[in-house]
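Construct the entire structure; sequences and hints are all you get.
Line order of the protein sequences matches chains U and Y.
Under my numbering, the letters of the first sequence match residues 15 to 201, in that order.
Under my numbering, the letters of the second sequence match residues 131 to 281, in that order.
Everything labelled a hint here was simulated from the structure, so no lab data went into it.
None of these values were measured; they are calculated from a predicted model.
The beta-carbon is built from N, C-alpha and C at its ideal position, and this holds for glycine as well.
Keep in mind that the hints are not guaranteed to be accurate.
Said to hold, decoys possible - Quick list of in silico lysine to aspartate or glutamate cross-link-like pairs, DMTMM-like style, CA-CA up to 20 Å:
id, chain 1, residue 1, chain 2, residue 2
1, U, K187, Y, D142
2, U, K163, Y, E139
3, U, K187, Y, D138
What the hints assert, rightly or not - Away from chain U, derived, C-beta distances all over 12 Å, residues of chain Y:
id, residue
4, P154
5, K176
6, L189
7, L200
8, V206
9, E228
10, D258
11, D260
12, H261
13, V263
Chain residues, written in single-letter form:
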Amino acid sequence: MSDLSDSELLDLFRKEESRNYAFNLLVRQYQQRLYAFIRRMVTDHDEAKDVLQNVFLKAWTGLDGFRADAQLYSWLYRIAHNESLNHLRKMRRGLFVSEESVMEKLTTTLDSSEHFSGDAIQRKLQRAVMRLPDKQRAVFTMKYFEGMKYETMSEVTGTSVGALKSSYHIAVKKIEEWLTTDQTSGD
Amino acid sequence: MELNDGPDELRDAPVLHSLRGKDPFVVPDGFFDSFPHAVQQQALAKVAPRPLAPWRRVLRPALILGSLALIAGLAVRWPAPAPNDTSALLTVQDWTPEDLVRSGVDIRSVQTLLGPDESLMDVVELPDDDHAVIAYLENEDLPFDLLIEDL
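Written as C-alpha cells, this is what we have:
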C-alpha cells in the first residue's frame, strides 16, 4: 500500500467514520522510523516499545489540534524526541544514580540484548553513543543515523541550527576519539 | 527522509564514516504487524467510557430504588405539619396572677422562682389591716372562702 500524504491522512482522521482507519495508517506509516530513533535512544526493545506507544497515544489526542502548515513527520518526531528524553530522565530518577551508572545500565542491556546483531565495532559505537549526554545523543542520532537536515532537527528540538551543528561536531569528535582508543571497548 | 546534502562532516572521522548506514538493532519478528493494532486498542480505550461490570449494572438501580423507598417511608412516618395546624407550634402566652391561681399553680413556688422584683409581687401585695384585706377581696370578686382558709 502506498503512503498517503499528510493532508490526506489528516482529512481522513478528521472524519468520524474514517478516524480509526486513518490513525491505523498513520501508525503503520511512521512506526518504523520513529522506533529506530527511540530504540537508539533507550537501547532496550521493550522500553522502546513503551515509548513508541506513548508517542502515538499523544498523537491520537493531539492530532485534532495539529496545524496543517507543519510537517506531520516533524511533529511526530518531536513527540518521540521529548518522550525519549523524558524516559531517560525518569530512568535516572528511578535509579537515583549518576550519569555513569545509567550509561552502565544501558550498556549492560546492550550486551545482554538478544536483539543486537552488530559486531564488535558496532557494539563499541553504540557504547560510545551512550556516553553522550541525552540531548547530544539525540542530535547525533538524528544526524548520523537518520541523516536529518539541520532545519528539520531545529523544528524537532527547538534548538537553533548553529547550536545543533556545534553539538553534532563535538559529538562526532568525541565518538571518533573513543572509537580509536580503548576507553569504550570493555570487551 | 530528508538527507543532509551539506559538506561531509565525517571527513575527519574515518571510523564513523565507515560505519555509517548500518543498523545493528534487531526488531522481534512481526512486531510492526501487531503494533498498530495494539496501540489503536489503547487509543480507543482512552476515548470510550469503560463499560460497567455486570454486578454494578444490577446494583446501581437496586441502590437507587432502595434509597427512594427509604425516603418515601420516612415521609409517611413523619408527615410535615399542615399549614393551618398550629398544634405543633410553640406558643407564648401571657399569664396574670389570677390565671395562675385558677390553674392551681403554687404561688409561693412561682414567687421564689421569679424573685422579689417581679411584677407578680406588686399585684398580690395586700394591706396589713384585715378589714381592708376583706374589702379588697370582696371588691376584686376573688374566691373568698379559699383565701380565708389560706390566710
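Here is what the structure says about each hint:
no., hint, result
1, U/K187 <-> Y/D142, "holds (8 Å)"
2, U/K163 <-> Y/E139, "holds (13 Å)"
3, U/K187 <-> Y/D138, "holds (14 Å)"
4, P154, "violated (3 Å)"
5, K176, "violated (7 Å)"
6, L189, "holds (32 Å)"
7, L200, "holds (43 Å)"
8, V206, "holds (51 Å)"
9, E228, "holds (86 Å)"
10, D258, "holds (101 Å)"
11, D260, "holds (105 Å)"
12, H261, "holds (107 Å)"
13, V263, "holds (101 Å)"
Against the hints set out earlier in the document, violations occur for numbers 4 and 5.
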